[in-house]
Amino acid sequence: MKITGTTPVSRILSEYPDSFEVFLRNGFPYPDGPAMIREIGEDTMLQTVLRVREMNLELFLYDLENAILKAEQERRYVLEDFNPWDHLDFYGNTICPLKFTFKDALEELERDHARKTGTARKCYVEAGKNSNDTCDELWSDPDPERFPAILFTKEFNQYLGRDFRERMADKGYFTTDFYRDIEINPQFANAGLMDPLGQYGVYAVMADVLLVDRNKLGDLPVPRTRKDLLDPRYRDRIVLFGKDRTEISNATFLYIYKEFGMDGIRSLARNVKHALHGAQMSRMAGSANTEGGAVYLVSWFFAKTCVKPNVEIVWPEDGCMTLPMYLLVRKDRLEAVRDIVDYIVGDEFAAACSRAYTPAANAAGGEILPPGAKLAWLGWDYIRSHDLEAVAGACKDVFFAEWERTHREGRMFL
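Numbering (the numbering used here), first residue to last: 5 to 418.
Since the hints were derived computationally from the structure, they do not count as laboratory data.
Here the structure is a predicted model, which is why all the values come from computation and not from measurement.
All C-beta atoms, glycine included, are put in the ideal place defined by N, C-alpha and C.
There could be a bad hint or two in this list.
Unchecked claim - Once the Cα atoms are required to be at most 25 Å apart in a straight line, the calculated DSS-like pairs of lysine-lysine come out as:
| hint | residue 1 | residue 2 |
| --- | --- | --- |
| 1 | K175 | K335 |
| 2 | K378 | K262 |
| 3 | K120 | K107 |
| 4 | K262 | K308 |
| 5 | K400 | K262 |
| 6 | K103 | K126 |
| 7 | K308 | K103 |
| 8 | K107 | K335 |
| 9 | K335 | K308 |
| 10 | K378 | K231 |
| 11 | K231 | K335 |
| 12 | K247 | K103 |
| 13 | K247 | K262 |
| 14 | K400 | K247 |
| 15 | K312 | K262 |
| 16 | K120 | K335 |
| 17 | K312 | K247 |
Claimed, not checked - Per label pair, the in silico range of CB-to-CB distance:
| hint | residue 1 | residue 2 | range |
| --- | --- | --- | --- |
| 18 | F417 | V226 | 21 to 29 Å |
| 19 | P313 | D240 | 17 to 25 Å |
| 20 | D108 | V56 | 39 to 47 Å |
| 21 | L418 | A394 | 27 to 35 Å |
Generate the whole structure from the sequences, applying the supplied hints.
Have a look at this one:
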């Protein structure tokens with residue numbers, strides 16, 4: 005709203021309650037905004053009350069506009085908490101290196117939306133890694149009205165599982181029409197990462213590379229493929245990503261199982277020494293710590309944070325395993341959240357993804373993979389023909405049973 009001398013004071017205080025502080029510090033003798041409106045009347049213009057008190061309109065407007073701008077900048081439009089039964093316009097999270105960038109952008113989008121429409125949307129960004137269990141249960145209901153307009157999520161989680169697909173995705177509730185005018189990264193097209201059915205909108209991927217500590221590898225050759233990681237010569241030399249059994253990455257198990265079955269899972273278990281968070285991996289690789297491994301399966305972002313002699317990043321010749329970062333957008337709500345969707349799949353956020361060593365689907369993110377590197381993908385046909393949650397669960401059971409059998413004195417998580 006553009007404030008002028010003819011703007012009613014009641015409207016100013018109604019739309020910008022914090023502006024009452026300007027009236028207060030300029031000597032208006034009222035305890036609060038509503039009391040002032042009751043006293044001067046609903047229709048009294050700003051220039052009228054200032055003229056009575058012989059105050060300069062131009063200076064007062066300057067003071068008022070700055071106070072409103074400051075209050076707007078400090079106001080948080082993205083929810084700090086929410087009721088799972090609320091009809092949300094946005095819900096989700098992204099990887100840690102992008103979280104603050106995205107949340108700041110969402111704040112700006114919501115501030116702009118409120119300014120243009122006079123209404124506030126309900127948007128919530130998860131603080132942690134895991135989803136809200138109440139929401140998961142609530143949104144598994146086949147009623148699409150309970151589902152957010154946008155779900156912003158990542159990895160091979162429950163939303164790619166058979167139960168959710170059958171209840172929601174396969175019903176035609178979601179769309180990826182927003183990609184029509186966007187040039188897709190050739191690496192994504194070559195890997196088949198874009199959903200041919202137009203249900204899941206992949207906007208970027210986490211790319212798992214091999215971080216190799218040559219000191220601990222010794223005379224062994226550098227592994228170059230997923231099959232190499234199963235070779236007995238790498239016994240107790242591999243470190244996986246994960247903080248505990250529930251948070252160990254499903255991706256490695258799914259890719260290995262698809263190519264090599266449960267025998268491959270057992271072979272991997274025998275070769276794994278520990279599982280660590282990515283930040284721990286980057287600190288431990290190349291160090292003298294005896295708990296360290298020779299080969300770390302880690303995201304490209306964390307691998308790039310490790311700058312030490314005799315440590316190198318290896319891109320598997322059969323393509324690095326990718327974990328999808330995607331959004332589900334309700335077809336019936338797309339236009340109501342178009343600005344948020346356009347930001348997520350647009351040039352600016354694609355560039356932010358690239359800066360975080362997270363390849364983006366939008367070609368505007370640039371070609372950031374090194375020469376000869378390529379992306380591997382589990383495959384949409386495979387995803388839709390398997391219950392990924394059940395497959396990953398079975399793989400974990402076999403993996404941990406074999407690891408415990410062959411590492412009786414070992415400790416998986418440090």
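Hint-by-hint comparison with the structure:
no.: 1; hint: K175 with K335; verdict: holds (11 Å)
no.: 2; hint: K378 with K262; verdict: holds (19 Å)
no.: 3; hint: K120 with K107; verdict: holds (20 Å)
no.: 4; hint: K262 with K308; verdict: violated (28 Å)
no.: 5; hint: K400 with K262; verdict: holds (14 Å)
no.: 6; hint: K103 with K126; verdict: holds (18 Å)
no.: 7; hint: K308 with K103; verdict: holds (18 Å)
no.: 8; hint: K107 with K335; verdict: holds (24 Å)
no.: 9; hint: K335 with K308; verdict: violated (38 Å)
no.: 10; hint: K378 with K231; verdict: holds (17 Å)
no.: 11; hint: K231 with K335; verdict: violated (41 Å)
no.: 12; hint: K247 with K103; verdict: holds (20 Å)
no.: 13; hint: K247 with K262; verdict: holds (24 Å)
no.: 14; hint: K400 with K247; verdict: holds (14 Å)
no.: 15; hint: K312 with K262; verdict: violated (34 Å)
no.: 16; hint: K120 with K335; verdict: holds (23 Å)
no.: 17; hint: K312 with K247; verdict: holds (24 Å)
no.: 18; hint: F417 with V226: 21 to 29 Å; verdict: holds (26 Å)
no.: 19; hint: P313 with D240: 17 to 25 Å; verdict: holds (23 Å)
no.: 20; hint: D108 with V56: 39 to 47 Å; verdict: holds (43 Å)
no.: 21; hint: L418 with A394: 27 to 35 Å; verdict: holds (29 Å)
When held up to the earlier numbered hints, the structure conflicts with 4, 9, 11, 15 and fits the remainder.
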